[in-house]
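> Each chain, letter by letter, is given below.
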Amino acid sequence: MQVTHSQEGNITILHLEGKFNANAVSSVKKKVNQLIAENYVLLIFDYSKVDFVDSSGLGCMLSCLNLLKSKNGNLKVAGMSVKVRSVFELIQMHKIFESFETTTDALQGY
Amino acid sequence: METYQIELSNDLSQLDTATKFVTHLLEKNLHNPEKEKNIDDIELVISEACTNAFKYSDKTKNETIKLEINLNQTSIEVKLQSPGENKYIESIQNPSIAHNESGGNGNFIMKALTDEIQGQNIDQSFILTFKKKF
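Protein chains in written order, with the numbering used here: chain A, 12 to 121; chain B, 60 to 193.
It is worth saying that the hints were derived from the structure and are not from the lab.
From the three backbone atoms N, C-alpha and C, an ideal C-beta is built for every residue, glycine too.
Any given hint could turn out to be false.
Unchecked claim - For the chain A half of the interface with chain B, some residues (derived, Cβ under 8 Å), not all of them:
no., residue
1, Ala33
2, Asp65
3, Ser66
4, Ser67
5, Leu69
6, Lys94
7, Val98
8, Leu101
9, Ile102
Make a model of the complete structure from these sequences and hints.
Shown next as structure tokens:
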């Protein structure tokens, strides 16, 4: 999975592209750790180009949320497809994460 | 029922190969109104099952992961064999949502999206089987 990021003030949007499975976990965590080291702790995961997610990907996201919160930060999600959202809701992650239709909406959510 | 098999080297880098093998079979052979939903569900279950196999199987045995698919228009049966015994077999039969960042939800997903699932330790191997009706 490709992981890039863009900056909107002190909020970082992490653009994910591809399959968010066990093979993607290390690259996502590495990027998040880099951002935290640079004091960027308000994140949005942009799922608009993610075509698949499983428990490894969602577990990684939960791990990132817990780490960010320990640094007084936060993580919101945006742009989930119907397919991805169904997995998100199946394991009740929607009760833990704030989710938005678009990254614009998520930015306004901060 | 048609039977399809693939053997994979015991490495997480083979995860996409495993899921593509199964989704390709379903794309080619399944013809029903719920086809896309069926493929999405099976792709997810295969990803969860294979991830567990690649992560937790015994790598010292230097053996492959074996995936067998039995498929017709009304159902799929999958058998996944990995080297070494599984110590957490009970959690497959009785999964829960763990909300645990290190794991716990994969078994829940597999059970939620299949009609039958079971794991057995046989002759130093772990065999996971599941069935789903379309």
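> Against each hint, give a clear statement of whether it holds in the structure.
For each hint, the structure was consulted:
Satisfaction of the interface hint for A:Ala33 is found here, the shortest Cβ-Cβ separation to chain B being roughly 5 Å, below the 8 Å cut-off. Because the closest C-beta pair between A:Asp65 and chain B is about 5 Å apart, less than 8 Å, the hint holds. Interface hint at A:Ser66: satisfied, since its Cβ lies 4 Å from the closest Cβ of chain B, which is below the 8 Å cut-off. Given the 8 Å rule on beta carbons, the hint for A:Ser67 holds: about 6 Å separates it from the nearest Cβ of chain B.
A hinted interface residue such as A:Leu69 counts as satisfied when its beta carbon comes closer than 8 Å to some beta carbon of chain B; here the least separation is about 7 Å, so the hint holds. Using the Cβ-Cβ criterion of 8 Å, the hint placing A:Lys94 at the interface with chain B is satisfied: the shortest such distance is roughly 5 Å. With its C-beta approaching chain B no nearer than about 6 Å, A:Val98 sits inside the 8 Å limit, and its interface hint holds. For A:Leu101, the shortest C-beta to C-beta distance to chain B is roughly 6 Å, which falls under 8 Å, so the interface hint holds.
Using the Cβ-Cβ criterion of 8 Å, the hint placing A:Ile102 at the interface with chain B is satisfied: the shortest such distance is roughly 5 Å.
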